[in-house]
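In case you want the letters, here they are:
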Amino acid sequence: MAHHEGAVLALTLNVLVAGCLAYVALLFLVAALAERRAARGGATLLRGPWVYTLSLSIYCTAWTFYGAVGYAARSGLEFMTIYLGPTLVFVGWWWFLRKLVRIGRAERVTSIADMVSSRYGKSTFIAVLVTILAVLGTTPYIALQLQSVTTSFAVFAAPETAAEDLRGLPLWIAAGLALFTILFGTRRLDANERHDGIVSAIAVEAVVKLIALLAVGIFVVWTLNGGVRDVGAAIAASPVADWSATPGRWAGLIFVSGAAIICLPRMFQVLVVENSDERHLVTASWAFPLYLLAMCVFVVPIAVTGLRLLPAGANPDLFVLTLPLSQGENGLAMLAFLGGFSSATSMVIVASVALSTMLSNHVVMPAWLAFQGESRATISGDVRDVVLRARRVSILVVIAMAYLYYSATGGTRALASIGLISFVGMAQVLPALGFGLFWKGATRTGAVAGLLVGFAFWAWTMLLPVFDGAGSLNGLLTEGPWGVGWLRPEQMFGLSGDPLVSALLVSLGLNTFAFCLVSLLTQPAPMEQLQAPRFVDAFDREASPVARSSRAGAEELLIMAQRILGATEAQALFAEQAERQGRAGELPEVTPHLIDQLERVLAGSVGAATANAMVTGITGSAAVSVEDLMAVADETAQIMEYSARLEAQQKEVRRTARELKEANEKLTALGVQKDAFLSQVSHELRTPMTSIRAFSEILESGDLSPEESARYAGIIQDESKRLTRLLDDLLDLSVLENGQVVLNLETVELGAILDRAVTASTSQAGVGLTIHRDRGGEAVSISTDPDRLAQVFINLITNAAKYCEVDDPALTIRVGVQDGLVLIDFVDNGAGIPARSRGLIFEKFARLSDQAAAGSAGLGLAICREVMHRLGGTIDYLAGQPGAAFRVRVPLSEARARAAE
Amino acid sequence: MEPRPTAAATEAQKRAWRRDRLRDGARLLPFLGVGLVMIPDLVLSGTSAAEGATLPWLVYLFAVWLLLVGLAAWIGHLRARSASDGSEDGAP
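So the protein lines, in turn, are chains A and B. Heads up, the first sequence is in the numbering used here, so the first residue is 1 and it goes up one at a time. Heads up, the second sequence is in the numbering used here, so the first residue is 1 and it goes up one at a time.
Extracted from the complex, chain B is given alone in its bound form (with noise of 0.2 Å):
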């Protein structure tokens, strides 16, 4: 009879497999934020769309901004709480 995992370890598995993905998701964000943030320098810099670019690139760039702000805060509240439930820090 194969030994079956108990709920708890399930559980465990489950936390720790969150809490890798989200450390993934810590480390791969500031490569969206870079990918995100270069577009206007490739689309606008020395060609004609540069005139009259200002006002829709700044909305688009503080859009840009509060995204990655948001994401962070959202990744750094997630690892908060699965640091709390019990489980020890995913640091490694």
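Next up, chain A with everything else stripped away, as it sits in the complex (with noise of 0.2 Å):
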């Protein structure tokens, strides 16, 4: 029986590698199919949401295919909090992935590092440093996925092979791994360092791995229990039944998996570097979750399922695959091997890409430049070779580092503690990275200060307990260094919890407060004030380009660009930029935009601190100093200033050429109504002044009847007295006119001046007028000159009386008081005065018709106007009315006026 078994064993075992063989295969043709088709520009089905979603999956690595069903056989849910917190994070994409993605995509971001990097001024440190801890977390991640191929290969092979015969399988898996990723990984450099071969075979590995869980989950659940309802009896029943966790672990869990989410190197490559629509992060958004969500739903059954059939002993990190091998399922055990395969080998692939971006570009080029030293501008050779084959070289060295951290470690602990231990240290990244998005205060100084107080204690309280049992560590673990208790790793400053929860607390704790603090106190430099609101406003505005000048030639630029791009792409961009400044068929200009441009191209391959150094080394523009930014802003404010005060000169002149000409108009208009004034007088004296000599000659004859003599000597008299009246009037308006007139302001009753008036202008023989007065309105006082105010009454019921020419006229003044002042309307029951002369009815020597006879000489109403001005009132013409009608406002007395307010 037990040979019997060992045969069916080892002929899995071959048929195995026979087929995982074959499923690398499939791999390698995809990646080249979809790199083909990319090439092609057919990638829009390669480049779509779902692929997109499918590549996120790389979250999920052995750590979760096998070691999710042993953390839930350990710890019970504890397990969901490594997915939780993914979730989360996508599903509040809103707030930190959409600007994330936003900002690696219009910055061309490489790698975490870069975005860091970035962000505070392009600081190689910074960079360097984020390498260095990625590093550090991701080795042993990767060693972890090498151990569990291993051990799950060993599941198939007979107990008594297993030690010797796959002593040399990790190696082979490495190598095999780094062939792949050098493969499709640096294939070319590409300027948006996308992998369309990588990302298709990994869309592929979490399709497998997806349907490969599910497949063995739908068996424990409907085979080997008998459908959910027994499967709740089992969970019910089983070791794992009651909640395990201590308080704050649960919290802490999701936190540091969140963290995770946004930090590992490699799932910032699929999710931000490898992003090529930004829309696709919507559906991520709920996609992702719900893959997640598909990956977790067994775990819990396998894992009660395996606690209840398998030995005591059994291995639960493994139950996925032993359940279907105990059963005799061997097919299955085949899908879930290839699944836990998948997900081993993407994980590798994608974090020995991101890791080789990081080690080469900021790590490599720029001791390569260092070392070219100051012959940068003339470097001989292609630069891309010199990327490719340091990210050649990174991505062997990275496998290579894992590889001997296995066979090192041998795989020391359960798989899940790796995995956190990774996931705490590349969270120390969070703080530098989340406050630089959000807050432009933060410094380079302050993320350099928490970067390496986070990493210190993250190193000291969760890497170091990693190697217990290495000798000289044991007395450090247990009673800490020189003796001192609460330096203790694993109990750091006597915090006695979950041993987890209090390194979360500490080491992104003081990280966080070392860098806010540090930040708080130190200045940014000029490159970081320049980078930081690019990150910060990235939705508020488009970037602009820093104003730089260029000591070097386009030629010289397009040298060093066909060097990185290859001489295609550089041409091409070149190209571009010269259509764009209208030059067509020539170089560009090297203007400051061009400079932008190409850094920008250049940091999508070599990051952007390098591509910084370079440009600025070709260019000689070293990154703006602040003497820079002041003496452009002190040539500028001088400028403004000058056209300020530009401008307000010409204002001013402008003003007084507009005041100049308005005086000008207004002495010629002047000079008209002078003249016009003149004539008018000369005529109105001349008409009685000739007939007073025609009569005077008469009477001077002699031979007159005595009537005659009096009746001529008659008319000599009213020429004169008109002539007499009219040189008052006449000398009155001058008097009013020149404001030299004196007025009695007497407080009277509004009556008694009408009353006057009306006495005046009616007693004269000839006057048929009626007129209607308004008693109870009069009765009104007012502040005003009495005599000033009866002349205008009386000119104004005169006028009614000359020119009211019905047989029965008849005048009514009707008194109001409106707004503090009285109003005393004069309308009679004439014709009125036609619409267009109403204008002129005000202006000296206005008559409207030949009424010289009437005896005046058409200064009236100008005088009442003037009069009413200095009462300070008005008249007015009053339409409306049914016949002419005309409406006086005088001032109440000061004491009403009062009264009325």
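I should point out that these hints are in silico values taken from the structure, not numbers from a laboratory. Treat the hints with care, since some could be wrong.
[Stated by the list, open to error] Listed next, with one range per pair, are the computed distances between beta-carbon atoms:
no. : chain 1 : residue 1 : chain 2 : residue 2 : range
1   : B       : Leu78     : A       : Ile639    : 46 to 52 Å
2   : B       : Glu51     : A       : Phe28     : 50 to 56 Å
3   : A       : Asp277    : B       : Ile39     : 31 to 37 Å
4   : A       : Ala237    : B       : Trp74     : 36 to 42 Å
5   : A       : Phe371    : B       : His77     : 50 to 56 Å
6   : B       : Phe62     : A       : Leu26     : 29 to 35 Å
7   : A       : Leu26     : B       : Leu78     : 34 to 40 Å
8   : A       : Ala25     : B       : Phe62     : 35 to 41 Å
9   : A       : Ile218    : B       : Arg15     : 43 to 49 Å
10  : A       : Leu214    : B       : Glu51     : 26 to 32 Å
11  : B       : Ile39     : A       : Ala637    : 55 to 61 Å
12  : A       : Ala32     : B       : Phe62     : 38 to 44 Å
13  : A       : Phe28     : B       : Phe62     : 34 to 40 Å
[To be verified] Going by beta-carbon spacing under 7 Å, a handful of chain B positions derived as facing chain A:
no. : residue
14  : Asp41
15  : Gly52
16  : Thr54
17  : Leu61
18  : Ala72
19  : Gly76
Just so you know, even glycine gets a beta-carbon here, dropped at the ideal spot from N, CA and C.
Hey, can you piece these two chains together into the complex? The hints should help.
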């Protein structure tokens, strides 16, 4: 029986290796086809939201595939925290991921180290720091994947062959993964740092591992148990039926995993760097949590069934594999194995691409540039080769390190602990990254301080205990360094609760504290001040290019660009820029815009810090200094002030010119008026003078009857009177107009003045005017010069008597009070004044018809207007009445006015 | 006479209002999620209620999870629809 079982397993192992190789070949094929399609530009499906979402599934490594069941078998529901954290981050994509992806695309970020370094003034030091942290945190994790693949192989091997035959296996797996990664990860240096082949392959792997886990889950629930109800009973009866988390651990784990999905280098790679369209994030915001949910659905059923059916010593981390195998379901076991293999390989591939990008861009390239020294501008050879070679070597180094780590430790702890240590390690980047996106005051020094503090405490509290058992460490862990108890790594500061929660609190808390404190105390460098708004205000405005000048010509820049981008792409870029400048077919001019564009494109290949160093090296325009900015600002301010002064002067000149023009017009008008006035006065004087002269000549001739003499003398007298009246009026008007008039203001009753005016104007013979008065309204006291006001009233009443040409002329005088003014309306029952003439009647010598006989010089209303003006009132023609109507407004007496208010 | 907004203007205003509310919904969703997901820790950790809690709370957590996925998908769908209504994208 034992022999027979061994044969089946051995056969399975052979089939397994064959299946595995076939699967790998399929992945190579998928990747190669995707690359070819992308090269032909048909990458729409490859770059859709679904492939994007599936590529995010590298979050689910072998730790998830095998480890989640193990985790659930040990701690019950706690395993779900690892998936709930990312779920919350994705559901809340609007807050953080949206901005992260926008900035990542706008700034052509190549890795998380590049992102943080760009934010803090393209600092190489920060980039190196984050890279080291990433390498330290990720290498053990890659080792873990190698271990899981090896262990899962071992499950299929016959017990006696395990140790010897499988020794070489991890090396082969590592070599295969390195080959795949180098082939598809460093095929070319893409300005967008996207890898269509790799993304397609991991999307396929994502589907495989989901199907595998779901298949095992369905098998467990409906075949090994009797369906959902029985599984419920099995859970309730299992060793993990109780909630086992200590307070704070649940929240702490959710936080850590939420931070990890943002900060893990491989997650950043697929989430930000490989993102081809921001809108894909909207789909991923719900589809990725759904994927995680599907990965979790059967974890607890598999765990409790494994605990129940498999022997007590069985490794729960391998239940996914051993459960189908123990039931003789070799096909399902094979599928499960491929699922685990997919989880492990996709993680290793993307993680090593991400790490190699960081290593080559932030460690190798700066070192190489520094080594080249002053001769930067005349670099010989193709820089692309250097970059690609650096990447390939970095991939080999990363995977070799992971292999060595695996060989050295031989798998010391359960899978989950390494995963969590790696998570907390990368979470140390979160304060620098998170605050950097939302707080302009965050400085480079603060970021360095936070990273160093967090890194140190993480290494002390979490990394060190991993090496438990390595002789010299034992005393350190139990008694603390130099016997100082409160410095013991696992009980830092005497925190005796959950080791993970206290390590998280200590490292991330002190990290954040140091970061904020130092940021508050330090000044950002000019380059940081320029970069901060590009990140913090990513949605508010387009980042403006930094104004820079260049010593280098376009040709030199093109040569440099060709070395990094390749001849075709560099020439295309320059041609496009030239076209933008309207110089198609020539080299573009070296504008700040061109330099900025070039640096951005280069940054996509070699990282922001390196690109900045290269462009600066060749253009000679060192990244702006404060002095430069100040100089530019000063110059601008001076120009602005000068132009403001010019503008003010111009305005002044224009105003003066306008005033002069107005004055001139007024003078001209006055001149015309004066001429007209003189000619009118002459005319008015001449008419009576002519008749006086004519009649006096007749009288002089002598031969007249006494009646005739008397009549002519009468005429002469009348005309003389008229002349006198005219001269009186003129004099009066001139006095009024010059303001020389002396007013005798008294408080009198309006009625009294009206009585006087009516009596004076109707006493003459032949005045048949009926006057209707409003005695009640007239009982109002006004403050005025009664003689002058009476003069106005007399004029109005006389006018009515003269010009009202009806059989039974009548004048109505109405009185009203409005807004502190007394309104006196004089309305007759005549024909009124035609609308077109109403504007003229108050002018001097304005007579509407030749009614000189009526004994008026046409100055009456002009005088009235002047008088009313002096008295603080007005006189207007009142339209809309049956006959001619005038409205006089006189101020109320002051006492009355106050009472009215 | 008061100028009356045209039907198109009213419609555009309504669309903009709806887009803003969708944005608010997307912003608020994670808070709902955090609140719901933290409940087991508050209710169970370190108390006697922890006994036999795995099964009911497993169901609870999956229900919360599905609810969040559903709401996120619904908001995403509505946003996509309002964006394709001919108005510009809601993103500020």
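If I claimed the Cβ atoms of isoleucine 218 (chain A) and arginine 15 (chain B) lie 43 to 49 Å apart, would that claim hold in this structure? holds (45 Å)
Any CB of chain A closer than 7 Å to the CB of glycine 52 (chain B)? This interface hint holds because 5 Å falls under the 7 Å limit.
Could you see if the CB distance from leucine 214 (chain A) to glutamate 51 (chain B) stays within 26 to 32 Å? holds (31 Å)
Evaluate the given range 50 to 56 Å for the C-beta pair formed by phenylalanine 371 (chain A) and histidine 77 (chain B). holds (55 Å)
Does the beta carbon distance between leucine 26 (chain A) and leucine 78 (chain B) stay inside 34 to 40 Å, or does it fall outside? holds (39 Å)
Less than 7 Å between beta-carbons is the criterion; does threonine 54 (chain B) satisfy it with respect to chain A? Because about 5 Å separates threonine 54 (chain B) from the closest Cβ in chain A, which is inside the 7 Å limit, the hint holds.
Using the beta carbons of glutamate 51 (chain B) and phenylalanine 28 (chain A), state whether their distance is inside 50 to 56 Å or not. Since the Cβ atoms of glutamate 51 (chain B) and phenylalanine 28 (chain A) sit about 52 Å apart, the hinted range of 50 to 56 Å holds.
Quick one, is the aspartate 41 (chain B) hint okay against chain A at 7 Å, beta carbons? Status holds, d = 4 Å.
CB of phenylalanine 62 (chain B) to CB of leucine 26 (chain A), is that within 29 to 35 Å? Given range 29 to 35 Å: holds, Cβ gap about 33 Å.
CB of phenylalanine 28 (chain A) to CB of phenylalanine 62 (chain B), is that within 34 to 40 Å? Holds - the Cβ-Cβ distance for phenylalanine 28 (chain A) and phenylalanine 62 (chain B), about 37 Å, lies within 34 to 40 Å.
Do the Cβ positions of aspartate 277 (chain A) and isoleucine 39 (chain B) conform to the proposed distance bound of 31 to 37 Å? At 36 Å between Cβs, range holds.
Can we keep the glycine 76 (chain B) interface hint, with Cβ of chain A closer than 7 Å? holds (5 Å)
The structure meets every hint from the earlier list without exception.
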